[in-house]
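Using the sequences and the hints given, assemble the complete structure.
Here are the chains, one letter per residue:
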Amino acid sequence: MKPEVLKIENLVKSFNGNTVISNISLSIAQGELSAIIGPNGAGKTTFFNLITGYHLPNSGKIYFEGKSIAGMQPFDIVRLGIARAFQITNIFPKLSVLENIVATVITHKKGNFNLVTPTVKLKSVYERAYQILEDVGLADRAQRQSGTLAHGNQKILDIAVALAMEPKLLLLDEPTAGMSPEERWKTVELIQKLWQQLNITMVFIEHDMDIVFGISQKVRVLCYGTMLAEGTPEEISKNDKVIEAYLGEEVE
Amino acid sequence: MDNSQPGSTKNRIIGAIVVAALVILPFILAQFGMTGEFWIWVTTEMIIMALFATSLNLILGFGGMVSFGHAAFFGVGAYTVALLMKKAGVSLLFALIAAPCVAGITAAIIGWFCVRLIGLYFAILTLAFGQLLYMIAFQWYTFTGGDDGIHGIPKPEFLDPTNFYLLCLIIFLVCFLVMRMIVNSSFGLSIRLTRENLDRAKFIGINVRRYQLINFIIAGAFAGIAGGLFTELNRFAQTEFLHWSKSGDAIFGCLVGGMYSFVGPAIGSSILIFLHIILQQIHQSLVEIWAIILGFILLAVVLFAPEGLVGLYLKITKKSET
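So the sequences go chain by chain: L and X.
Taking the working numbering, the leading residue of the first sequence gets 64, the next gets one more, and so forth.
Taking the working numbering, the leading residue of the second sequence gets 99, the next gets one more, and so forth.
The reader is advised that the hints may include incorrect statements.
Sample of chain X residues facing chain L (criterion: CB under 10 Å; computed from the structure) [stated by the list, open to error]:
#1 Thr133
#2 Ser284
#3 Leu287
#4 Tyr358
No lab work stands behind these hints, which were simulated from the structure alone.
Backbone N, C-alpha and C fix where the C-beta goes; we use that ideal spot for every residue, glycine too.
In structure tokens form, the structure reads like this:
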């Protein structure tokens with residue numbers, strides 16, 4: 064058994080009395096590439112928001128590499144090594160593609176409080192940023208204003224920003240949402256390639272079952288704030304509860 | 099687009115020419131007797147207010163936070179110089195060093211509360227703090243002279259209008275270059291991140307409030323220098339310096355010049371002061387409708403040149419290139 068990166072115990076979150084996450088416990092092993100699926104409103108994004116500190120849990124514990132992180136601020140959690148890409152693209156639209164990454168690399172290296180050196184003189188930062196853009200295939204668009212990129216490429220940039228923080232755990236919230244079928248598979252291949260290359264733990268939320276069953280080692284099903292099932296893609300596809308509650312609906 | 103990257107050779111040449119012209123200007127104006135002296139005074143005011151507008155733009159343009167309370171730091175700088183020179187009898191040099199320090203400390207206290215809020219709430223709170231300081235200066239007669247202000251601030255002998263102009267120009271250039279350095283640095287880039295996308299900035303590990311506060315303090319300190327110089331120029335400090343309409347002047351300067359460029363606010367603010375004075379020269383009654391004229395100018399800028407005159411200039415030059 065591989066050591067666990069993330070361990071969650073009895074996590075509960077409610078908004079104004081509406082329980083969105085009710086009592087979820089799970090642990091994610093190091094180096095795992097896993098998927099979270101579930102119908103709309105199942106609490107998938109809220110789950111990510113809790114892990115990354117955007118929301119405070121009502122109760123429950125979150126451990127990252129054995130350290131309790133529930134209640135910490137997002138910017139502190141990121142520094143421990145949990146990065147995320149967003150469902151709705153979340154980049155710095157007026158900055159160039161390159162600047163998006165450069166700024167993140169600087170932040171990752173804790174160089175933000177340098178008030179003297181012009182950023183353009185930071186050679187090693189730029190080299191690193193170009194390398195990341197090469198990795199995700201955006202190097203040829205480095206000078207473009209990021210807000211003017213096509214939707215698919217903005218999503219890739221969002222992932223690249225997360226990668227620039229050299230995370231140990233990367234959370235991807237619907238990385239292929241809104242993409243054309245070809246773009247989807249290109250993105251999936253990219254995710255798989257990055258996962259192998261960087262040797263990190265990845266968790267992604269996805270609706271496309273072909274993608275989920277195609278690449279993930281483990282699948283977790285959320286439904287109305289509870290964990291309905293957890294297992295390998297094969298186990299999940301044969302799980303009666305899952306078929307009934309979730310997959311079954313699509314067939315009908 | 100963001101135009102804050104270090105300048106091209108062309109921009110550097112233009113900058114050098116402008117600086118050279120500004121250095122020569124008072125010597126030419128000095129040939130024209132009283133009128134010349136008046137215009138030296140006007141250009142000195144333009145330089146000081148350009149510094150004030152540029153300092154505000156660190157918050158407004160680069161930080162993306164609308165502050166109606168920036169005059170508070172201008173006023174604190176002004177009163178610091180006035181009180182130190184008039185009541186404590188310290189030298190101008192020392193007073194001018196103290197001004198940004200006191201203004202910066204004030205900004206740290208006010209900013210500590212304000213950066214907890216964003217958007218409109220931030221703007222309103224800065225306004226409230228600014229007006230609070232204004233009322234304190236207004237009411238505390240024994241210390242600040244209340245409505246009368248503090249008059250008759252001593253002026254060192256060597257500071258004739260030309261020399262004072264040159265002193266202001268040098269201080270302006272130094273402050274300008276330091277602020278430009280900050281904007282182009284890693285810190286400046288981090289500040290722009292918080293403007294662009296507050297949430298994303300948090301998720302790449304930026305403690306947004308801390309950066310906003312430090313930026314607020316830096317901007318406040320530079321505003322304090324401007325306030326101090328303005329006091330010495332007028333040889334008085336008055337409550338008006340703290341009033342939110344003073345913040346408004348700087349905001350209008352940023353809007354007209356272009357708040358997404360570094361030089362924009364200085365240009366915008368200078369143009370507005372110049373227009374104001376010209377109208378005054380043409381006919382006194384035109385000054386009474388200044389607010390209306392200003393309104394039309396702002397309307398035109400917002401509708402036709404939302405990125406200000408610098409944005410307009412860049413658009414035109416870009417078009418002619420292609």
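Now for the hints, and whether the structure bears them out:
For Thr133 (chain X), the suggested interface contact is broken, since its CB lies about 43 Å from the closest CB of chain L, more than 10 Å. Interface hint status for Ser284 (chain X): upheld, as the beta-carbon distance to the closest one in chain L is roughly 4 Å, under 10 Å. The closest approach between the C-beta of Leu287 (chain X) and any C-beta of chain L is roughly 5 Å, which is under the 10 Å cut-off, so the hint is satisfied. Because the closest C-beta pair between Tyr358 (chain X) and chain L is about 8 Å apart, less than 10 Å, the hint holds.
In terms of the numbered hints stated before, the structure departs from hint 1 and from no other.
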